[in-house]
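Knowing the structure of chain A, use the given hints to seat chain B on it.
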Amino acid sequence: MPDVLIELFSEEIPARMQTRAAEDLRKLVTDGLVEAGLSYAHARAFSTPRRLVLALEGLSAESPTLREDRKGPKVGAPQQALDGFLRSTGLTMEQLHVHEDKKGAFYVAHFQKPGRPAAAILAEVLEKTIRSFPWPKSMRWGSGALRWVRPLHSIIALMVTEAGAEVVPLDIDGITAGNTTRGHRFMAPGAFTVSSFEDYAAKLKRAFVVLDAAERADMIEHEVKNRAFALGLEPIEDKGLLAEVAGLVEWPVVLMGEIGAEFLDLPPEVLQTSMREHQKFFSLKDASGRIVRFVTVANRETADNGATILKGNQKVLTARLSDAKFFWENDLRVVRNEGLTGMAEGLANVTFHNKLGSQKARIDRIAALAREIAPLVGASPDLAEEAARVAKADLRSSMVGEFPELQGTMGVYYAKAAGLPEAVANACKAHYQPLGPSDEVPSEPVSVAVALADKIDTLTGFWAIDEKPTGSKDPFALRRAALGVIRLVLERDASLPLTSNLANHIFLHRTGQTLASIEAMQAEYDRVLSDSNRIHAEAERGLVEQFPAAAEAAMVAKKGDLVRMKDHNDLLLAEVSEAVVRAADLLAFFHDRLKVFLKDQGIRHDVIDACLAMPGNDDLTLLVKRAEALSAFLKTDDGENLLQGFKRANNILTQAEAKDGVEYSFGAEAKFAETDEERALFAALDQAEAQIAPAMAAEDFAAAMSAMAALRAPIDAFFTAVQINTDNQIVRRNRLNLLHRIRTTCAGVADLTKLEG
Amino acid sequence: MSARAENSPVRPRSFQEVILRLQAYWAAKGCAILQPYDMEVGAGTFHPATTLRSLGSQPWAAAYVQPSRRPTDGRYGENPNRLQHYYQYQVLIKPSPPDLQELYLGSLDAIGIDTSLHDIRFVEDDWESPTLGAWGLGWEVWCDGMEVSQFTYFQQVGGHDCRPVSGELTYGLERLAMYVLGIDHVMDMPFNDPGSPIPLTYGDIFRQTEQEYSRHNFDGATTEMLLRHFEDAEAECEKLLAFEPQDPNSGKRIVMAHPAYDQCIKASHLFNLLDARGVISVTERQAYIGRVRALAKKCADAFVTTTAGGWVPESAAS
Numbered sequence: 036m037p038d039v040l041i042e043l044f045s046e047e048i049p050a051r052m053q054t055r056a057a058e059d060l061r062k063l064v065t066d067g068l069v070e071a072g073l074s075y076a077h078a079r080a081f082s083t084p085r086r087l088v089l090a091l092e093g094l095s096a097e098s099p100t101l102r103e104d105r106k107g108p109k110v111g112a113p114q115q116a117l118d119g120f121l122r123s124t125g126l127t128m129e130q131l132h133v134h135e136d137k138k139g140a141f142y143v144a145h146f147q148k149p150g151r152p153a154a155a156i157l158a159e160v161l162e163k164t165i166r167s168f169p170w171p172k173s174m175r176w177g178s179g180a181l182r183w184v185r186p187l188h189s190i191i192a193l194m195v196t197e198a199g200a201e202v203v204p205l206d207i208d209g210i211t212a213g214n215t216t217r218g219h220r221f222m223a224p225g226a227f228t229v230s231s232f233e234d235y236a237a238k239l240k241r242a243f244v245v246l247d248a249a250e251r252a253d254m255i256e257h258e259v260k261n262r263a264f265a266l267g268l269e270p271i272e273d274k275g276l277l278a279e280v281a282g283l284v285e286w287p288v289v290l291m292g293e294i295g296a297e298f299l300d301l302p303p304e305v306l307q308t309s310m311r312e313h314q315k316f317f318s319l320k321d322a323s324g325r326i327v328r329f330v331t332v333a334n335r336e337t338a339d340n341g342a343t344i345l346k347g348n349q350k351v352l353t354a355r356l357s358d359a360k361f362f363w364e365n366d367l368r369v370v371r372n373e374g375l376t377g378m379a380e381g382l383a384n385v386t387f388h389n390k391l392g393s394q395k396a397r398i399d400r401i402a403a404l405a406r407e408i409a410p411l412v413g414a415s416p417d418l419a420e421e422a423a424r425v426a427k428a429d430l431r432s433s434m435v436g437e438f439p440e441l442q443g444t445m446g447v448y449y450a451k452a453a454g455l456p457e458a459v460a461n462a463c464k465a466h467y468q469p470l471g472p473s474d475e476v477p478s479e480p481v482s483v484a485v486a487l488a489d490k491i492d493t494l495t496g497f498w499a500i501d502e503k504p505t506g507s508k509d510p511f512a513l514r515r516a517a518l519g520v521i522r523l524v525l526e527r528d529a530s531l532p533l534t535s536n537l538a539n540h541i542f543l544h545r546t547g548q549t550l551a552s553i554e555a556m557q558a559e560y561d562r563v564l565s566d567s568n569r570i571h572a573e574a575e576r577g578l579v580e581q582f583p584a585a586a587e588a589a590m591v592a593k594k595g596d597l598v599r600m601k602d603h604n605d606l607l608l609a610e611v612s613e614a615v616v617r618a619a620d621l622l623a624f625f626h627d628r629l630k631v632f633l634k635d636q637g638i639r640h641d642v643i644d645a646c647l648a649m650p651g652n653d654d655l656t657l658l659v660k661r662a663e664a665l666s667a668f669l670k671t672d673d674g675e676n677l678l679q680g681f682k683r684a685n686n687i688l689t690q691a692e693a694k695d696g697v698e699y700s701f702g703a704e705a706k707f708a709e710t711d712e713e714r715a716l717f718a719a720l721d722q723a724e725a726q727i728a729p730a731m732a733a734e735d736f737a738a739a740m741s742a743m744a745a746l747r748a749p750i751d752a753f754f755t756a757v758q759i760n761t762d763n764q765i766v767r768r769n770r771l772n773l774l775h776r777i778r779t780t781c782a783g784v785a786d787l788t789k790l791e792g
Numbered sequence: 122m123s124a125r126a127e128n129s130p131v132r133p134r135s136f137q138e139v140i141l142r143l144q145a146y147w148a149a150k151g152c153a154i155l156q157p158y159d160m161e162v163g164a165g166t167f168h169p170a171t172t173l174r175s176l177g178s179q180p181w182a183a184a185y186v187q188p189s190r191r192p193t194d195g196r197y198g199e200n201p202n203r204l205q206h207y208y209q210y211q212v213l214i215k216p217s218p219p220d221l222q223e224l225y226l227g228s229l230d231a232i233g234i235d236t237s238l239h240d241i242r243f244v245e246d247d248w249e250s251p252t253l254g255a256w257g258l259g260w261e262v263w264c265d266g267m268e269v270s271q272f273t274y275f276q277q278v279g280g281h282d283c284r285p286v287s288g289e290l291t292y293g294l295e296r297l298a299m300y301v302l303g304i305d306h307v308m309d310m311p312f313n314d315p316g317s318p319i320p321l322t323y324g325d326i327f328r329q330t331e332q333e334y335s336r337h338n339f340d341g342a343t344t345e346m347l348l349r350h351f352e353d354a355e356a357e358c359e360k361l362l363a364f365e366p367q368d369p370n371s372g373k374r375i376v377m378a379h380p381a382y383d384q385c386i387k388a389s390h391l392f393n394l395l396d397a398r399g400v401i402s403v404t405e406r407q408a409y410i411g412r413v414r415a416l417a418k419k420c421a422d423a424f425v426t427t428t429a430g431g432w433v434p435e436s437a438a439s
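Chains as they are written, first to last, in this note's numbering: chain A, 36 to 792; chain B, 122 to 439.
This is chain B alone, in the form it adopts within the complex:
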């Protein structure tokens, strides 16, 4: 224990320092540091670097920040820790290494949580994503009674058994950073170093957008359009997957798993927006989730027939 504690650098001074230290830590542990996916998603798990790459037999190790949107959680920037737009830090390693717990604890040290003074606990929390047709077993990690991360061994994604199993770590960055920095209201959190020539708080950057998007999510978004776009995304996803694998232009086998999955992500976010607008009844809710799940499953089916998904051409296999 003491080895880690002694090596711990001093506490970070800003939100971005927490992120930078996580990036440096996981880079040092051999992860590819990816960039956020350029689409609206509800959680870091939706990034194809997690959802699709957890499928198939190819080894994988990636870490990235993912802006995440939860339209129903908008509070006009007033709630101390609820946001409709926030950041997750996501790590996915396949196959899950035997020392993943130790690696994880090392990352807490890296961001200044001295595990010799804090009470870190792994409390049962099984993860399930009905929209992705995915589930896994693991824990929520508690630091002094506060949940700071989700730790999951993926068992199934898109209806496919995960072989090998990926280990997934998800950190809620704002909450974790607030804890490390000792901040009570997210908007008060220093985003860059407080000693910078132009110090910026989280609120300086996001208070206004939280207000604007809260209004948009609850009142502004045009539901008829959202419904139409949902249908479009669903149709487009299915259409892209219905193409013959053989591409006549390039003469190559090209399955459009990622473009189709983009449409699945779109459908999922549109559903979240519709939900925030309050136009989806309880029974309809299940039906919408089922439709998104059906798309996710089809995308997973397609991905495992691609090279990245571990597919081997028959000529090579025989």
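Okay, chain A solo, but in the shape it has when bound:
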């Protein structure tokens, strides 16, 4: 069983692509080999900045010999047919086989498809893999047509058996596979040959290349921790940076440096971001949380133990941090002199979206909405509005201009520097949250109000201009925003009627006016109308005889006003309907997101559908409570059986209604009951109805469910004892009407017809 070593050696592969590429190499090659009939015991893939490597163990030496059958004529078929078959296969009668199936015996020609040596298959699979490699971005170089992530220089393709290593014959656009590679670009640039994976890995290590990215990451992490602990410091964990840095070096050498004292007062987030983004440095903090040292990872050892490298890095860092310090001090001066509102002023000139106006206009909308929402989430309307007005001010700060990822974080610092209340300051950052399904949901009421207003404004805005997410395209992260609203509302147990909020806000986006302003508009219209009437009446009475021309002109003008206003009113009324339609569509989007969210919590989508049919479904908290209660109920024995009973009643009723062409919806009377079971069901329904309505009104879903559960036994007993379809039409009609009562009573809790099973 041969082993295989493949190395694709190129110019520097972007760090972010390496891990995925190694995995793609493993998958494409092994899939190709398996598809060609080979098997293997074990496959491992590796990546460094300059190489992708695959090590296969226990590959089959060749693909199995396969038999291919070709079906011929039936046994006993005319000789002519048989001759034809022999001619076409080139076989003799003796070489044919006889198979049998349901239709009888027939001749079959057996052909052997010989297996192929693994090396030939590997060469084909590797060539195909290289030519169609799924790089996120690839390029051509020189005069060639081959595409790779950066120029590909050499290929090792080696089959290793006890007899020795053999190069797999392969040539791709002039790159001939061999058994040669090179070490570290600077520390061991010479070429060397290898004879197996073990030999390769060992020689690479001697040539200052650590093949395994995980090992490089471990080395870095370990060394960073050691350096930190020796000084009583702690590294700030950053897995993303660790993975990236491990992809930038073949021979990691950790160097630690100091941060100039003049920069130690910068917020730690600023230090960390500047060092990470610009220089890929790790940050070390002291016990108080201040960042006091940096760690850089070089790609080589030097005669001066990295002194020159560290000095260079330190110099670049000083230049970078001088910029950051300048931004910080500049921003602080602005907020101390003009407040955060002063900083926010420039937002009028920043376009949020060309159809949704400036950031300033957006903030005005959010502030008004936050004020409305505040009481529903237990926040002070004044604070919520104030927070909304300053929450995005830091977008105009020089610091966020340089480091967009610090938006919100800087806002908190600047709000505090401006002397704003703690709750307002915190909202600057928290109102962006939750940023994803696993991000924290803000808990301070002011932050919640602004976070909700921000997200609802975004969603309604894009719904107003037809920029809804489609398929995998969601450029404005609207799904995330909707999930954010859902989590915020549920976490706070808030009762927020979405429909009116959404419709109002969509109307605002499309017309620039609030729905409330329509009333004012109507009043204005009435006023102009009465003015017009008055002038008209005065003219009639001859009061304006002296100035007939003026009165005439006034009347014409008023008439024009009226026509214009009426057109405008009609337009706005059409917009009201439009807003309502879009709000319903957006609510359905929320419901879809809610289903995804609740599915993770074990609540089935049909349970939610059953609850969606009930009034008040735009109150997500209420909706979820109903769904939870119904879900729990359906898991009980009573729930399961009641559902069956309900379905039976509903089916019989639906069929009867379809057959008779009438609706049995009214007038079941106990006096027509013939059996005790019927009478018991009447009584049970009376009782359940009496309990369900008030329980639902009080949002006591457990009580409503248990009232519904009490119907289970009477319904079961009823179906066991009573035949619905009797010859007595009065009794039959009465029973069908009784079934209808089961339907309506249960419908007071949820639409059980939506439930599956």
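Careful, some of the hints might be misleading.
What the hints assert, rightly or not - Straight line, CA to CA, 20 Å or less: simulated SDA-like cross-link-like pairs of lysine to any residue: (1) A:315 x B:244; (2) A:346 x B:233; (3) A:346 x B:132; (4) A:350 x B:233; (5) A:360 x B:196.
The set of hints was computed from the structure by calculation and includes no laboratory data.
Chain B in isolation, oriented as in the chain A frame:
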């Protein structure tokens, strides 16, 4: 590694020595050492020796210094490393040779960066020029954490696929020289040898012009005129390209790709000036960039119908 290190000459002593060593190095590697293009450009890439010559099938190898202007980067000569007028060193080789990385590293050695003591890294940085309709893949090259060059394999220029692919190297000369010379403020950097009879610093030569141009760029330039000139350059570019290829005077086929491209360069610089004057809004910005790109594409279209652009007359082809 040691071979290069041992051969390294001593550190250069001035800004001009860094330039002279790069010139000598790339000349020794076979590049034609060209002179700066005599127009205002934002980067060395705008030189027709790069933009146009990267198109078509003709081989090419050129290196040159290009004064570059970024009106918005003016800081009145006060910022230690930001200038509205600075120098780029540009190398363009077509097709890109297989040892271009090695050649590049050799140039660092030539200017006194001992690669056995420094940490040189190729960090992903894909290049795109929206105004030129161009993009390529490559790296920014880091020396001890500082970006010292851009290294790009051109894939498309002016909307045309580059076949063959050119390798482009761009060195920011001031920053690189400051690093090599150990200077913290650009104005303090020796321009000629500090031991010369009349030693001159970068500041002696450029502090005043940085002040004058900063004022000009931010406040002085007449925007109405700039807008008008932009329109003129755009119209002239299109007009020159609309001529019939056949020249009635000489009886030759003469496509005016370069004169038209000059107008495209002009339009681009005028746009940069307008941008510095703050009279272009965010949405207008995209529209202006699109207009310059449209010109660049038309110039590229024209260039590939010229001999230098690899065009072969039909009579010769058949």
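Verification of the supplied hints:
1. With a CA separation close to 11 Å, the supplied pair residue 315 of chain A and residue 244 of chain B stays within the 20 Å bound.
2. A distance of roughly 17 Å separates the Cα atoms of residue 346 of chain A and residue 233 of chain B; the hinted pair therefore holds under the 20 Å criterion.
3. Proposed proximity of residue 346 of chain A and residue 132 of chain B is supported: the alpha carbons are some 17 Å apart, at most 20 Å.
4. Between the alpha carbons of residue 350 of chain A and residue 233 of chain B the distance comes to roughly 18 Å, so the proposed pair stays at or under 20 Å and holds.
5. Restraint check for residue 360 of chain A and residue 196 of chain B: satisfied, since their Cα atoms lie roughly 18 Å apart, inside the 20 Å limit.
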